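Chemist: Listed here are the chains, written in short residue letters.
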Amino acid sequence: MLDAKIPSGPLENKWTEYKGHCKLVNPANKRKLEVIVVGTGLAGASAAASLGELGYKVKAFCFQDSPRRAHSIAAQGGINAAKNYQNDGDSVFRLFYDTIKGGDYRAREANVHRLAEVSGNIIDQCVAQGVPFAREYGGLLSNRSFGGTQVQRTFYAAGQTGQQLLIGAYQALERQVALGNVTMYTRHEMLEVVKIDGKARGIIARDLVKGTLERHFGHAVLLCTGGYGNVFYLSTNAMGSNVTAAWKAHKQGATFANPCFTQIHPTCIPVSGDHQSKLTLMSESLRNDGRIWVPKKQNDTRVAIDIPEEERDYYLERRYPAFGNLVPRDVASRAAKERCDDGYGVGTSKQAVYLDFADAIVRYGKIEAGKEGRSNVPMDEIISMGKQVVKEKYGNLFDMYEKITGENPYELPMRIYPAVHYTMGGLWVDYELQTTVPGLYALGEANFSDHGANRLGASALMQGLADGYFVIPYTLGNSLADEIYSKAVETSHPAFEAAENEVADRINKLMSIKGKQTVESFHKRLGKIIWDKCGMARTKEGLEQAIREVQALKKEFWSDVRIPGSINEMNPELDKANRVADFIELGELMCVDALNRNESCGGHFREEYQTPDGEALRDDANFMYVAAWEYKAEHEWSLHKEPLVYDVVKPSQRSYK
Amino acid sequence: MEHNNLNLTVKVWRQKNSQAKGQFESYPVKNISTEMSFLEMIDVLNEELIVEGKEPIAFDHDCREGICGQCSMYINGKPHGPWQANTTCQLHMRAFNDGDTVVVEPWRAAAFPVIKDLMVDRSAFDRIVQAGGYVSVNTGNAVDGNSLPINKDKADASFAAAMCIGCGACVAACKNSSAMLFLSAKVSHLALLPQGEPERHSRVLNMVAQMDKEGFGACTNTGACEATCPKEISISNIARLNQEYLVASLVADK
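First to last, the protein sequences are chains A and B. Counting with this note's numbering, you get residues 1 to 657 for the letters of the first sequence. Counting with this note's numbering, you get residues 1 to 254 for the letters of the second sequence.
Here chain A stands alone, though its shape is the one from the complex:
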């Protein structure tokens, strides 16, 4: 069933060969072909803009009030590209290799190599759009380091790289709106895929302001709807981020791949109480300069600055001397959890570790003093100069931290703890980004393809824009070339009517429950089950129990949820109920997938499978495959395996020591 359609030939020639031989659609025919793009983050906005430029008739949808607000906007640290501007040994192969290794050998070689190949074009394209990347005094682009690499290949715009890249893509999109090539539907949410003769031919969307259902035809449908991290309730995702579009696609026949591969980011602001609605990330770029530590003594209640140097345990530097504080995210997160579980955690909850900038402040201060040719500068002054440098590099992040916690991170080390941040799993796609439903594509975080079991920092922005700017414009044409004789289907077609009725019935059913418990309370309970049993550490027993609990929660939800208001009006509680209903079903599949994968790899850590020193223990003989789940019936999936073949990289025990 699964044919990844990977082109033959040597790895480094596959994409060039593909582009040289894929079918093309001539400009006159492009005007007759309609494409639906759902989601306007980096993947969706870049795809909609690029396809509009090519001449396709594009309809783009987002649930926010403007495409510029998609959650890509919140990405902080940067975007990787194999430019080797720093002359430090980077290359397309290195970026490819680091990404495959970082993903713990669970990603597809051909896709990742293509990603590395187009990475440089992304930077060029963004610069041409006027994205104000950080620059050096000579006027050239600046780079910094991110986890899991030993080169400086991350391009950035202070701590707002995602914002600047998204605004670039948004502006390109709005330009196509102005030119009439793209029609934009804001405050619209996709609630069903419409299939005709087995192909995706449109969507049912709900106008969130009027509450009405709409039918939209497309020769192809692109889902660029992001990840499903909000299944955990608490995550760094935006409140509205959801799995609904992807889940509807899944129930229409698109297999869902590796749903248990979720990323827990090591440096987030810790939870402060039951009221918490979301978690805030502190960029990985902070690990360039911040040092992570806990007290050497268990249950140490002294404040950080009273703990002398020799009584601090810089555990990442101790355990992983080669990469130190810049180990990949999965490794850093597990190490923090291990310290806290053993009683070394800090803060009132004891579920936190320190991220300390004191050394960096002194180091930068001395450099500044050196620049002025001064010696014997008093420490106070060095610290003050150092703080200025740190402020320039990370000021906005430090401000965010202070607003949330009320503590000044220039004086006290930050308290941080891992939190759900990204999902590597997603809709299964082939080399062309097409799902198992013909005509239905998935781009960006919504697909599973490039990050294996763990994503490296600054690679999500790269993948979103690679898919939208440089992959889909080629691969979509390859199949739309066969559609030039297919006329647009009238939305009065019975398939549209049936799909709309199904959505209407579902909404009616939700509204008629009139139970006692709020949507939010169900979401919180779901999140707790998944976090406790399918979070940073998983066991067979825990997962089996979680499946039973989620199934029971689903029953309770469908018999006791309370949704105020009515259908044909703006009703945010109804929007949320639609999303939570799908998260519950997805939560079950995540546990099923985690239970099936009897190994540990990347972010998937099964306690039964670990090395004597607590590292993830892969089982390549039995699990070197993509687990793609086909929906059969309620609580019932069948597993399709796509074997992962490594022609170039030799999988080994991942080591950052």
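Please keep in mind that the hints were generated in silico from the structure rather than gathered at the bench. A couple of the hints might just be wrong.
Using 27 Å as the maximum straight-line C-alpha spacing, the simulated DSS-like pairs for lysine-lysine come out as follows [unchecked claim]:
no.: 1; chain 1: A; residue 1: Lys528; chain 2: B; residue 2: Lys30
no.: 2; chain 1: B; residue 1: Lys54; chain 2: A; residue 2: Lys524
no.: 3; chain 1: B; residue 1: Lys16; chain 2: A; residue 2: Lys514
no.: 4; chain 1: A; residue 1: Lys366; chain 2: B; residue 2: Lys152
no.: 5; chain 1: B; residue 1: Lys78; chain 2: A; residue 2: Lys516
no.: 6; chain 1: B; residue 1: Lys21; chain 2: B; residue 2: Lys175
no.: 7; chain 1: A; residue 1: Lys524; chain 2: B; residue 2: Lys152
no.: 8; chain 1: B; residue 1: Lys175; chain 2: B; residue 2: Lys154
no.: 9; chain 1: A; residue 1: Lys540; chain 2: A; residue 2: Lys514
no.: 10; chain 1: A; residue 1: Lys350; chain 2: A; residue 2: Lys366
no.: 11; chain 1: A; residue 1: Lys391; chain 2: B; residue 2: Lys30
no.: 12; chain 1: A; residue 1: Lys403; chain 2: B; residue 2: Lys78
no.: 13; chain 1: A; residue 1: Lys528; chain 2: A; residue 2: Lys487
no.: 14; chain 1: A; residue 1: Lys576; chain 2: B; residue 2: Lys11
Here the structure is a predicted model, which means the values were calculated and not measured.
Mind docking chain B on chain A? Use the hints.
Modeler: Just chain B, lined up with the frame of chain A:
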């Protein structure tokens, strides 16, 4: 961090839809931890309203970390509330005292009609961008990113303008409901970079024309926009906009 609990009265603008007439309603909220964010306090209130069988308060919000620009509450007479350089979602309850009455309204501007309760329609901003807030470069046309060195100070100034999150607080704060700070940030972002040069004149003329068409008011230099901007976009951008507009008007063909 030390924290304590507050009891407050929240006086909120309720409006069923764009046609309906709105009014203030007051709600007591109890045991609000000072560690909560302002929106989490609204979440708590909404949960109580739902359980009581009432309609929760509709409001725009998404990222809850101060960058998406979706949250838009006018709190105690100030867009985004009492803190400087802050969005509503970043405001925390330690900004308030036990017993306070907190007044919450939507953005008020003719160009931002109310959709429901605290939600407004800001699509006018998208249409202003459509009028020219971009560089016309198709995907695939770009040359190497380092082939065009850009003076660091200019690049930094461009970035400082590009940080605008499009929330509309500048319009809400202005007695004329002017969108000049928003527009000037976009014009400055692109005018300061060589990439923006070819369309420099047409961009500013078209964007200003669209702004006027949307019904935003004129700028009378009160500076309320700068004082309230969560991203501290400088009012000097408005000076640059005026200069760009003047030059463009003098040299433009049309």
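Chemist: Just pull the numbers of the violated hints for me, sorted ascending.
Modeler: Violated hints (numbers, rising): 5, 7, 8, 9, 10, 11 and 13; every other hint is consistent with the structure.
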